[in-house]
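The lines below spell out each chain.
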Amino acid sequence: MSRTPMTTVAAAGSGPTDLLLVQQALRGEPAAIDTLLLRLGCIPRFVHRLNRMCGHGLPTEGLEDVVQQVYAALWPKLRDFHGSNPIETWVFGFCRNCLRSASRRGQRQARAVALPGDALAAMAAPGWVGPDQLLHRQEALAALRDELDELPDDERAAVEARHLAGDSFEDLARRSGVAVSTIKDRCYRAMQRLQQRLGRRLVGGGSP
Amino acid sequence: MTTDFADLLRARALRALLPAEQRALEELAATSPERAQQLAEVDAVLSAFAAEVELAAAVGAPAEPIEEHDPGLARLSATAAASEAQVRARLLHPVAARALVQNSPWRRRTGWAVLAAAAALALWFAFGQDEGPALDRRAPQDLRAGAPLQLVLLQPTLTADARTISWAAVPGASGYDAELRDAGDRVVLRRAGTSQKSTAWEITAEQFRAVQSRAPLRLRVTALDGAGIPIGSSGDLQLELR
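Line by line, the protein sequences give chains A and B.
If you're matching positions, the first sequence starts at 937 in this note's numbering and goes up one per residue.
If you're matching positions, the second sequence starts at 82 in this note's numbering and goes up one per residue.
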């Protein structure tokens, strides 16, 4: 079983094409399995980069565990892949969550509730430049993830699909089997909660 | 076009605001500090989402040449290779592929119901009667729900001079099934039985000649526990005949 060189970048497919790929792989078609695994080869790179960019600071041993956890978490969820985005976008979420969990376990300490006053400015700044801006942006993103975790499942799914994956309300409604207005309501309720919990902290410059 | 602040703010939060409505929203927000605060809070959340999207784009960018020489990333790639092998085995093995369905909520609920029924039955056997029949220990026909399948590691190669296929022992295995199948998925040769504890399958010269004529062949080794339930698999591997 040969390992794809890490410099090889599998051609990213579109969502619907990737859905077909996953379905074929789940049917046990060898060529599809090879292609799918080639595409999943992005996992170590994603974990490595996320660790650096989000300032988790996990050692390589810890990252090895995270890579294994990503594969373990992703495998049983393959049937849930709905193909609205490329596989890499879907994989990114698993990498992000597994790394975050590992980082929390490693730190064993409560995250500071207050956000720095210039967190909002750091988020608005173009690119990933400057250690201070990077730190503030990391903290703001961590706070966003914390608040997303607190949302009810249906609201979180709706707001993530809308604002992170860029899905249309019509696609979301079709996938969920509910009316477009229901999806909009879920998304807006989530935004209201986030506005109260996160938006207020960001605008207030750290006062929760 | 609506001119109600609450409606416009909702549309903004949903990223469904038209340019003309955006101007109207800003003008309305300027009329009151409270409204301005609300708009700023919504925009702050949207900015956080935008930063997350930017992070995803940065992480998903193509590999950089400098990363090729990063020893940490090389180690992670090696770790990923081992995990990939397990995913490959599960995808190639039809029994394992069926296990995927068992993760559905319906299957999980069914699993809990079966467990509850089994527990009630066990209590009835233990306390509900003085002398009951012995438990039927026949092996079930399928994998246990949620039982992780271990990977059977082997080198799928046979030559005329070295006609033995051997594999790494799987913890907890009481025996191993091994079989060769042709392109039409017909069994060409099988070594079966839970009593087969050996981790090597020696193929006679006569058998080798017979299977050679049926190439290409796929090899699958399945580890079984004491009840004959699969607990590990190599997946379907292309057998190299030389």
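Hint data in this document are derived by calculation from the structure and do not stem from the laboratory.
Fair warning: there could be bad hints in the mix.
[Unchecked claim] Subject to a maximum C-alpha distance of 20 Å in a straight line, what follows is the list of computed EDC-like cross-link-like pairs (lysine to aspartate or glutamate): (1) A:Lys1013 - A:Asp1089; (2) A:Lys1013 - A:Glu1106; (3) A:Lys1120 - B:Asp88; (4) A:Lys1120 - B:Glu102; (5) A:Lys1120 - B:Asp85; (6) A:Lys1120 - A:Glu1086; (7) B:Lys278 - B:Asp306; (8) A:Lys1120 - A:Asp1089; (9) B:Lys278 - B:Glu260; (10) A:Lys1120 - B:Asp306; (11) A:Lys1013 - A:Asp1090.
[Said to hold, decoys possible] A partial selection of chain A residues facing chain B, derived with a Cβ cut-off under 10 Å: (12) Leu955; (13) Leu956; (14) Gly977; (15) Cys990; (16) Gly993; (17) Val1027; (18) Gly1042; (19) Leu1087; (20) Arg1092; (21) Ala1109; (22) Arg1110; (23) Val1114; (24) Thr1118; (25) Cys1123; (26) Leu1130.
We treat Cβ as the ideally placed atom computed from N, Cα and C, and that holds for glycine.
How the hints compare with the structure:
A C-alpha spacing of about 16 Å is found between Lys1013 (chain A) and Asp1089 (chain A), which places the hinted pair at or below 20 Å, so the restraint holds. Proposed proximity of Lys1013 (chain A) and Glu1106 (chain A) is contradicted: the alpha carbons are some 23 Å apart, above 20 Å. Between Lys1120 (chain A) and Asp88 (chain B) the alpha-carbon distance is near 13 Å, which keeps this suggested pair within the 20 Å criterion. Restraint check: the Cα-Cα separation between Lys1120 (chain A) and Glu102 (chain B) comes to about 18 Å, which is no more than 20 Å; the hinted pair holds.
Of the pairs offered as hints, the one joining Lys1120 (chain A) and Asp85 (chain B) holds, with about 18 Å between alpha carbons and a cut-off of 20 Å not exceeded. Of the pairs offered as hints, the one joining Lys1120 (chain A) and Glu1086 (chain A) holds, with about 19 Å between alpha carbons and a cut-off of 20 Å not exceeded. For the suggested pair Lys278 (chain B) and Asp306 (chain B), the alpha carbons sit about 10 Å apart, so the restraint of at most 20 Å is met. The suggested pairing of Lys1120 (chain A) with Asp1089 (chain A) holds, with an alpha-carbon distance near 15 Å, which does not exceed 20 Å.
Proposed proximity of Lys278 (chain B) and Glu260 (chain B) is supported: the alpha carbons are some 15 Å apart, at most 20 Å. This hinted pair does not check out: Lys1120 (chain A) and Asp306 (chain B) have alpha carbons roughly 51 Å apart, beyond 20 Å. Restraint check for Lys1013 (chain A) and Asp1090 (chain A): satisfied, since their Cα atoms lie roughly 17 Å apart, inside the 20 Å limit. Hint status for Leu955 (chain A): violated, given a least beta-carbon distance of 16 Å to chain B, over 10 Å.
Evaluation of the Leu956 (chain A) hint against chain B yields a violated restraint, the C-beta minimum of about 15 Å exceeding 10 Å. Annotation: Gly977 (chain A) was flagged as interfacial toward chain B, and the flag holds, the nearest CB pair being 7 Å apart, inside 10 Å. Given hint, Cys990 (chain A) at the interface with chain B, holds; its Cβ is 7 Å from that chain's nearest Cβ, closer than 10 Å. Given the 10 Å rule on beta carbons, the hint for Gly993 (chain A) is violated: about 12 Å separates it from the nearest Cβ of chain B.
Hint status for Val1027 (chain A) relative to chain B: holds, with the closest Cβ pair at about 9 Å, below 10 Å. Contact between Gly1042 (chain A) and chain B, as hinted, is not supported at the beta carbon level, the nearest pair being about 16 Å apart and thus beyond 10 Å. For Leu1087 (chain A), the shortest C-beta to C-beta distance to chain B is roughly 12 Å, which exceeds 10 Å, and the interface hint is violated. Because the closest C-beta pair between Arg1092 (chain A) and chain B is about 12 Å apart, greater than 10 Å, the hint is violated.
Restraint check, Ala1109 (chain A) versus chain B: the minimum CB separation of about 13 Å is more than 10 Å; hint violated. A distance limit of 10 Å between C-beta atoms decides the matter here; for Arg1110 (chain A) the minimum to chain B is near 17 Å, and the interface restraint is violated. With a least beta-carbon distance of about 16 Å to chain B, the hint placing Val1114 (chain A) at the interface is violated under the 10 Å criterion. With a cut of 10 Å, the hint placing Thr1118 (chain A) at the interface with chain B is violated, because the nearest CB-to-CB distance is about 13 Å.
With a cut of 10 Å, the hint placing Cys1123 (chain A) at the interface with chain B holds, because the nearest CB-to-CB distance is about 6 Å. At a threshold of 10 Å, the smallest CB-CB gap from Leu1130 (chain A) to chain B is about 5 Å, leaving the interface hint in force.
Checked against the numbered hints given earlier, this structure breaks hints 2, 10, 12, 13, 16, 18, 19, 20, 21, 22, 23, 24; the rest are met.
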